[in-house]
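Protein chains in written order, with our numbering: chain A, 12 to 564; chain B, 42 to 212; chain C, 15 to 119.
Source of the hints: derived by calculation from the structure; they are not laboratory data. Keep in mind that a hint or two might mislead.
Derived DEER-like restraints, expressed as beta-carbon distance ranges [unchecked claim]:
(1) C:LEU115 x A:HIS267: 49 to 59 Å
(2) A:ASN419 x C:GLU53: 39 to 49 Å
(3) B:GLN148 x A:ALA310: 49 to 59 Å
(4) C:SER64 x A:ARG220: 23 to 33 Å
(5) A:ILE271 x C:GLU53: 45 to 55 Å
(6) A:ALA535 x C:LYS96: 44 to 54 Å
(7) A:HIS267 x B:ALA112: 38 to 48 Å
(8) A:ALA452 x C:LYS96: 38 to 48 Å
(9) B:HIS206 x A:LEU269: 41 to 51 Å
(10) B:ALA177 x A:GLU312: 54 to 64 Å
(11) A:THR221 x C:SER64: 25 to 35 Å
Glycine included, every Cβ here is placed at the ideal spot set by N, Cα and C.
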Amino acid sequence: MYAYDELDRTLINERVEEFRDQVKRRLSGELTEDEFKMLRLQNGVYLQLHAYMFRVAIPYGTLSSKQLRRLAHVARRYDRGYGHFTTRQNIQYNWIKLAELPDALADLAEVGIHAMQTSGNNTRNVTSDQWAGVAPGEIEDPRIWSELIRQYTTLHPEFSFLPRKFKFAITASAHDRAAIKVHDIGLRLHRNAEGETGFEVLVGGGLGRTPFIGKTIKPFVHGRDLLSYIEAILRVYNQYGRRDNIYKARIKILVHELGIEKFSREVEDEWQQMRDSDTALTLDDAMIEDIRSRFSYPAYEKLPHMPEELKKASADPLFERWRKNSVFTHKVQGYAIVTLSLKPIGGPPGDATADQMDTLADLADKYSFGEIRVGHEQNLALPHVARRDLPALWAALDKIGLATPNVNLVSDIIACPGLDYCSLANARSIPIAQELTRRFANHDTADLIGRLHINISGCINACGHHHVGHIGILGVEKNGEEFYQITIGGRADENAELGVLIGPAVPYGEVADVVEDIVEAYLALRARPDELFVDTVKRLGVEPFRERVYATR
Amino acid sequence: MPLVKDGKIVGDEFVHLADDAEIPADGAILISSARFLGDAEALSRRAGRTGVIWPNNRDLDDLVPYLDRLAVVALVFPSFRDGRAYSQARLLRERHKYRGELRATGQVLRDQFLFMLRAGFDAFEVKKPADAEAFANTVKRYSVFYQPTGDGRMTALHRRMMLRHSESASQ
Amino acid sequence: MTSPLEQKKIRISGPSVVTANRTWDGTVIYRTARQDWSEKLSDAAIVRTSDEARALLAESAADDVGAVGAYIAPVEIKESGKVKPGNLREHIRLQGVTIDLPVPA
Numbered sequence: 012m013y014a015y016d017e018l019d020r021t022l023i024n025e026r027v028e029e030f031r032d033q034v035k036r037r038l039s040g041e042l043t044e045d046e047f048k049m050l051r052l053q054n055g056v057y058l059q060l061h062a063y064m065f066r067v068a069i070p071y072g073t074l075s076s077k078q079l080r081r082l083a084h085v086a087r088r089y090d091r092g093y094g095h096f097t098t099r100q101n102i103q104y105n106w107i108k109l110a111e112l113p114d115a116l117a118d119l120a121e122v123g124i125h126a127m128q129t130s131g132n133n134t135r136n137v138t139s140d141q142w143a144g145v146a147p148g149e150i151e152d153p154r155i156w157s158e159l160i161r162q163y164t165t166l167h168p169e170f171s172f173l174p175r176k177f178k179f180a181i182t183a184s185a186h187d188r189a190a191i192k193v194h195d196i197g198l199r200l201h202r203n204a205e206g207e208t209g210f211e212v213l214v215g216g217g218l219g220r221t222p223f224i225g226k227t228i229k230p231f232v233h234g235r236d237l238l239s240y241i242e243a244i245l246r247v248y249n250q251y252g253r254r255d256n257i258y259k260a261r262i263k264i265l266v267h268e269l270g271i272e273k274f275s276r277e278v279e280d281e282w283q284q285m286r287d288s289d290t291a292l293t294l295d296d297a298m299i300e301d302i303r304s305r306f307s308y309p310a311y312e313k314l315p316h317m318p319e320e321l322k323k324a325s326a327d328p329l330f331e332r333w334r335k336n337s338v339f340t341h342k343v344q345g346y347a348i349v350t351l352s353l354k355p356i357g358g359p360p361g362d363a364t365a366d367q368m369d370t371l372a373d374l375a376d377k378y379s380f381g382e383i384r385v386g387h388e389q390n391l392a393l394p395h396v397a398r399r400d401l402p403a404l405w406a407a408l409d410k411i412g413l414a415t416p417n418v419n420l421v422s423d424i425i426a427c428p429g430l431d432y433c434s435l436a437n438a439r440s441i442p443i444a445q446e447l448t449r450r451f452a453n454h455d456t457a458d459l460i461g462r463l464h465i466n467i468s469g470c471i472n473a474c475g476h477h478h479v480g481h482i483g484i485l486g487v488e489k490n491g492e493e494f495y496q497i498t499i500g501g502r503a504d505e506n507a508e509l510g511v512l513i514g515p516a517v518p519y520g521e522v523a524d525v526v527e528d529i530v531e532a533y534l535a536l537r538a539r540p541d542e543l544f545v546d547t548v549k550r551l552g553v554e555p556f557r558e559r560v561y562a563t564r
Numbered sequence: 042m043p044l045v046k047d048g049k050i051v052g053d054e055f056v057h058l059a060d061d062a063e064i065p066a067d068g069a070i071l072i073s074s075a076r077f078l079g080d081a082e083a084l085s086r087r088a089g090r091t092g093v094i095w096p097n098n099r100d101l102d103d104l105v106p107y108l109d110r111l112a113v114v115a116l117v118f119p120s121f122r123d124g125r126a127y128s129q130a131r132l133l134r135e136r137h138k139y140r141g142e143l144r145a146t147g148q149v150l151r152d153q154f155l156f157m158l159r160a161g162f163d164a165f166e167v168k169k170p171a172d173a174e175a176f177a178n179t180v181k182r183y184s185v186f187y188q189p190t191g192d193g194r195m196t197a198l199h200r201r202m203m204l205r206h207s208e209s210a211s212q
Numbered sequence: 015m016t017s018p019l020e021q022k023k024i025r026i027s028g029p030s031v032v033t034a035n036r037t038w039d040g041t042v043i044y045r046t047a048r049q050d051w052s053e054k055l056s057d058a059a060i061v062r063t064s065d066e067a068r069a070l071l072a073e074s075a076a077d078d079v080g081a082v083g084a085y086i087a088p089v090e091i092k093e094s095g096k097v098k099p100g101n102l103r104e105h106i107r108l109q110g111v112t113i114d115l116p117v118p119a
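So here's chain A without its partners, still in its complex pose (with noise of 0.2 Å):
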């Protein structure tokens, strides 16, 4: 866990002191709404539907008990006792008032939380693999370098008004948790040939309406460079991406119009002549290890891999159902990863209520050195766990209804807000995301279709990652009505692809037969009970699953 020092929470703190100055000035009317909504969107502000928004930041996804019960006093105080985990590993709040939020940032700065930048144009939150730091056969931690570009992306100067907004993810691991492929920029972190730390860096990935699997344009930038080189791009694009037409604002269309040669040409120019005139973005050991030495790690204990506890527990079919699919292995033995899913069946994915968290919380200091991380796919993870622990662990996550054992299943669907909650949707998705769990409640079914990942985004701006998906639902209109369009196919991972539409658009009323279709098509023709749904697909391709689902529509 990073640890805030006084220069950080003096940072947080002045931030929310200006956001209180301005939010005033906005209710008496010296500010307009236009001239404030790029400064409330810079603090995570949106107005959706029927209120506010309220996008707290939690940096690559790391957050401590104490920082956890303070979020769920935010759902209470301020909101409607509930939180929802983001697709970027940040929680959103539905119901917050704008003239109470700088008294909900000043709760929240206590314990070393803010809003920083994640929303508006520019650097949002900097992802990671929310296994960071306890990954077997992880390079090192990848957080470390995350939070060394949070601090310097944070209130940059230069770039708090980009043309479009800006993402970042980092992976240290050969698996890819992170989705760096389908960001603005990736980072890959690895060793070269002389065991030196570095990164393969890659720009323009990205979802929405022109949706790119992002390009390396360099396949080794020493960690003292990281930030120089992150400043030559973001440098280039803050000059030359488009500003007039917010479609097309993006990096990947810049890196995509001017083709990723050119592209790698101007940014290597910029950080040519950056490198000439001036070093101060260059990192020394002192910097790196000064970040590294607030990260602190726990003190494991010399632990069995296969403690009496866990022997005795193993013969309760239900706690071995649920170990068998959240569990994983941790790199420091006798301990355990504990992925905790947020998608009880029949209810809406990602959220939980203020009481969860307070528990959790309390579960955490109990079982995991008082440490919980936020994963992409919108459930969050216990990472320090020792195995003799599981089973009270799971007793106690049963009770409060985070024990689903659906993780990586057909059941553990990402989904955005869509149409309930966001002004911006075409379709309602939660709805899609709550019958789908119904139909697919039987966890014998679920475990025999195996590991398949449903994304829903209620229109094209794709925050449900729908490209990405396994099964991709995007929420469309049609006449007034709800449709839907389906792809199959996509990968999020270091295999990184685009979903293939299966066909034309199917009503509300169908989206969960038409999955259920698949799903029988899929179990039908997959060549072994272990050939993954996504790997079928690959195998077969489209048609097979487009016969099946249209034969009778």
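Following the hints, complete the assembly by docking chains B and C onto the known chain A.
For chains B and C alone, coordinates are given in the frame of chain A:
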């Protein structure tokens, strides 16, 4: 429109000259880039002080040769949301070592003063009188800065390094 | 329910109202015929031509302090005279989300 320099409202010595207005032999003038480039050598050596208004969608290359002869470079924020002039400002100060007055024009509002200052602007044609009056207080809003620009403010990282050195020195 | 935030030309196809969100707390509000706002749809001024709609919107948008994001929304007028939201989006804005909230109100 009030002009702010050194944290306070001052009179503007420079006259914004329309493209078709006659250029006085003497006196401080601000002219468009098109006009300036039409006769750059002569204009940059005229008796009075000359300033150029440079558009935010144009590279600085054509301006750079004349920088040491210009009294003012004025950059433009057509909307406060258009941040291209921040990059231009930093390049002028940090790469091209421009030392004259760097003026922010266009939609210049209170909540961007500190960003502008840090990017290298030292003069501001402020849209609202109330904002101009609040300038000095506004730029005191922050005492911590994470990233280096040419403004000389020490970054948080460097402050931490200094603290560590002084800690270990005193041990 | 293509976002009306993308409305450019103002052209209505039936009875409409002007709606917005209250600035200080985000509550859904409707423009009345008395140059103010109400949370009740039944208080909303009904416009029936594009000109009327344009005029009401301009008048509403002038209240930049009190309201945010004003736009024109369709309504349905029942035989009884009762005014109802004219599409799903407006229905959701008035009645709330179509799902159960995680915490009962």
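Consistency of the hints with the structure:
no.: 1; hint: C:LEU115 x A:HIS267: 49 to 59 Å; result: violated, 41 Å
no.: 2; hint: A:ASN419 x C:GLU53: 39 to 49 Å; result: holds, 44 Å
no.: 3; hint: B:GLN148 x A:ALA310: 49 to 59 Å; result: holds, 54 Å
no.: 4; hint: C:SER64 x A:ARG220: 23 to 33 Å; result: holds, 29 Å
no.: 5; hint: A:ILE271 x C:GLU53: 45 to 55 Å; result: holds, 53 Å
no.: 6; hint: A:ALA535 x C:LYS96: 44 to 54 Å; result: holds, 52 Å
no.: 7; hint: A:HIS267 x B:ALA112: 38 to 48 Å; result: holds, 42 Å
no.: 8; hint: A:ALA452 x C:LYS96: 38 to 48 Å; result: holds, 39 Å
no.: 9; hint: B:HIS206 x A:LEU269: 41 to 51 Å; result: holds, 44 Å
no.: 10; hint: B:ALA177 x A:GLU312: 54 to 64 Å; result: holds, 57 Å
no.: 11; hint: A:THR221 x C:SER64: 25 to 35 Å; result: holds, 33 Å
When the structure is compared with the earlier hints, a violation turns up for hint 1 alone.
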